[in-house]
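*Asks:* As a plain string of letters, each chain reads:
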Amino acid sequence: EDQVTQSPEALRLQEGESSSLNCSYTVSGLRGLFWYRQDPGKGPEFLFTLYSAGEEKEKERLKATLTKKESFLHITAPKPEDSATYLCAVQDVYNFNKFYFGSGTKLNVKP
Amino acid sequence: GAGVSQSPSNKVTEKGKDVELRCDPISGHTALYWYRQSLGQGLEFLIYFQGNSAPDKSGLPSDRFSAERTGGSVSTLTIQRTQQEDSAVYLCASSLGPGQGETQYFGPGTRLLVL
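Chain order of the listed sequences is G and X.
In terms of my numbering, the first sequence is numbered consecutively and its last residue is 112.
In terms of my numbering, the second sequence is numbered consecutively and its last residue is 118.
No lab work stands behind these hints: they were computed from the structure.
Careful: at least some of the hints might be erroneous.
[Claimed, not checked] Reference excerpt, derived from the structure (chain X facing chain G, CB under 8 Å, subset only):
id	residue
1	Gln44
2	Phe48
3	Tyr51
4	Asp59
5	Leu99
6	Pro101
7	Gln103
8	Gln107
9	Pro111
Here the structure is a predicted model, which means the values were calculated and not measured.
Note that the Cβ used here is the ideal one computed from N, Cα and C, for glycine as well.
Just need the whole structure built from these sequences, with the hints factored in.
*Replies:* Below you can see the structure in the form of structure tokens.
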């Protein structure tokens, strides 16, 4: 069964304390892996798409990486404004309209 | 440019009433998705439109739920005879479509509370 698991469920960091969020997936075939940021009361905001193992994408303090079984979202020297829930989703290569979402990691960055 | 919009942003209704939720996708996006997000849960797929057709309705939880899309643009999700377990955030997303760009862009959601 296709499945996406994110860990940890919640993460509390001090400002400037770097860390990583994990997204593990099992899918029959991966077409793409997507990272989103969701602020309270808002819809998910697109961050990155990764397509193949070894691929990396960066945006400001965020870097996403992909292996054949998992993806990491690395946060370098986070700031309080990085506090949000981060969601990952995988797209099935055999059915392009199928996206499986994880439950998210809630990140809280303290000043 | 304008993003995905949804209305209403909040809806409070009584058990047994019908509700309609609206989604305006990004102009030119042929693919449209509806998801449901309950507190602390991941996004639950409901239905997928390509143009005005819905080739995948597999996520609709019961026959009380239906959706349509007209003119390849606006979509309406209807929940009949609402139940308390229908309370959730309903999210709409759109994308350019298969092979054109499959990244989904989400609207702000409609928060539904059934009393």
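*Asks:* All the hints need checking, so say for each whether the structure fits it.
*Replies:* The hints, checked one at a time:
no.	hint	result
1	Gln44	holds, 6 Å
2	Phe48	holds, 7 Å
3	Tyr51	holds, 5 Å
4	Asp59	holds, 6 Å
5	Leu99	violated, 12 Å
6	Pro101	holds, 5 Å
7	Gln103	violated, 11 Å
8	Gln107	holds, 7 Å
9	Pro111	holds, 5 Å
The structure fails to meet hints 5, 7 from the earlier list, while all remaining hints are met.
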